[in-house]
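Colleague: Fit chain Y to the known structure of chain D by using the hints.
Going down the list, the sequences are from chains D and Y. When you line the first sequence up against the working numbering, it's residues 358 to 681, in that order. When you line the second sequence up against the working numbering, it's residues 358 to 681, in that order.
Please note that a few of the clues may not be correct.
Chain copies aren't distinguished; within one or between two, either way the pair holds.
[Claimed, not checked] With a straight-line Cα cutoff of 16 Å, these simulated EDC-like cross-link-like pairs (lysine to aspartate or glutamate) come out:
1) 609 <-> 620
2) 489 <-> 606
3) 428 <-> 541
4) 407 <-> 384
Hints in this document: simulated from the structure, not taken from any laboratory.
If you want the building blocks of each chain, they are given just below.
Protein chains: 2
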Amino acid sequence: MIKIVVDIQGADSAAPTLIDGVINALEKNAELFVYLCGDKAELEAELSGKRYDTERLQIIDAPQVITNDEKPLAAVMAKKNSSLVKGLELCKSKSDVGAFVTCGATGAMFVAAMMLLEKIVKSPALLCALKKPNGAQFCIVDCGANVDCRPERTEDFARIGVAYMKTVGVQLPRIALLSNGAEDAKGNKFTKQAHDILRASDLNFIGNIEGSDVLSGNADVIVSEGFGGNVLLKTIEGSAKAVVSELKESIKAKMGDYSELDEIVDAVYREYDYTTQGGAMLLGFKTPIVKGHGAATAETVYNIIDIAYSLANNGVMEKIQNEF
Amino acid sequence: MIKIVVDIQGADSAAPTLIDGVINALEKNAELFVYLCGDKAELEAELSGKRYDTERLQIIDAPQVITNDEKPLAAVMAKKNSSLVKGLELCKSKSDVGAFVTCGATGAMFVAAMMLLEKIVKSPALLCALKKPNGAQFCIVDCGANVDCRPERTEDFARIGVAYMKTVGVQLPRIALLSNGAEDAKGNKFTKQAHDILRASDLNFIGNIEGSDVLSGNADVIVSEGFGGNVLLKTIEGSAKAVVSELKESIKAKMGDYSELDEIVDAVYREYDYTTQGGAMLLGFKTPIVKGHGAATAETVYNIIDIAYSLANNGVMEKIQNEF
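Chain D extracted, bound-state conformation:
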């Protein structure tokens, strides 16, 4: 049995509207057990009319909610009965929990994890997994957890990325460093130092990569400090959205309504939308954390539980430990 702790609160949508995501995940994975953290009365009321394997779902009563508007540290300190804090405490106390899933506030998640979970690497990092047009999966580390780190940390980010790629079946991931030019000498002070460190390591480092080549090149792990990685990730998302919306308008203007085409366009867009893909992970703590977007739907919750299940099932933590 793979046990996952799910923090169902803190997203834009109310917890009950997200519950079908949990039920569908239980339906898909017969070996999944969920600790569902939220307002017990509310969740029980919603669950009472649903069909699911009651043996594999346990509600943890944690009615307090931490929102995006609160100061992370103060909120985590004050709200001991929040689904975030109680969920992470469960991860800490139970050694057999395989992963933690949340759609709540990113800052609070990071602060609470730092306070409650044991670190297995020096700088846990936010990793986002995406797909290239050719269908190949790749990841970006760090996507925003470490915005003022030292160049040495990029080696840790690379190792976390390698461990993740191994869980999805890529045995010798190619690592590239995000820079403002592909040549070795290109970059700011940070990337020039990081380049030398990665080059001197035993990693499969293939050099610098520009933003324009991330989706078309052959790198499996894009390494960056958190600021650049965040710009990269969000710009991919925003650009895909802009191009798709303009295309739909343009097709409509020139060819009229054409629902078949809209479906094709939407399908392509979804592949670049990390909010529905849900592949944002905070890795480097004893428990891997999968972070859904605040605008999560039941489908997002289903996806992130599925990703968390797969991470735990493929031993991502052992793989990270092996890389260090």
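Modeller: Only chain Y this time, still in chain D's reference frame:
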């Protein structure tokens, strides 16, 4: 008459194949005069069969070429007869030159400009102009000329951006700072300081912007140090390309060849392709410089001459001086 110096060498394509871009620009703008810098014999041979107003084109013999593979400083020092160096010397010696255009190496262009041209601001910056899906133009400053600058420089970048937007008719441009979150407190040390500086200035500063909102938000000038700006710019380009190529494949697979659709998709893509749009400018020297992509075609050369003409015609240098 608007006089533009054109460095026709240093692009991936040979100079003669690009010459139609110059001729078409002369054809379009009756008030355009071009100093064409390159190998005189080669250019004369190519031009001999063409129809154009010979009164408005003068060849400057500068047969040496500086390539992307050379060390910028050494190449600029050694190649006094290069089209880049001779072209910039012409800008320096003739007070009535309105702009300089090149498709050559970026590094050499920057070094040569620093050596040969008078600066009118402390840190000249690379500005790229793009369009949003709604057709509105916006710009990103700096896109890579200043990768390790101080936060104070972002105010200069903003003023350069404001001056540029005024040349395209936006009277009160809205300025946003690229960051890893929209909230005021988000960012790394650099952006937090830059945020405070921009907030305290008399600029029309609307706050931080994430990569996901650049194409959909209402900012006219995106300000960043050169590293983040470069990641942003190139990721927009690469993502648009990836989404479009995947869409074309997907449409083909599901609906068969459909040339009408391909044309629509291509037209949308071109709007995100700053290499064909050609809107990269190095601003802050006495002469504005428009930089075409190394993979320039005759169409690119036409576009960048047209942009240079428009910059000179709209007094971009006076507008920059007015902002400082």
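Colleague: If a hint holds in the structure, say so; if it does not, say that too.
Modeller: How the hints compare with the structure:
no. : hint        : result
1   : 609 <-> 620 : both (13 Å within a copy, 14 Å between copies)
2   : 489 <-> 606 : between (24 Å within a copy, 13 Å between copies)
3   : 428 <-> 541 : between (40 Å within a copy, 13 Å between copies)
4   : 407 <-> 384 : within (12 Å within a copy, 72 Å between copies)
Going through the hint list in order, the structure satisfies each hint without exception.
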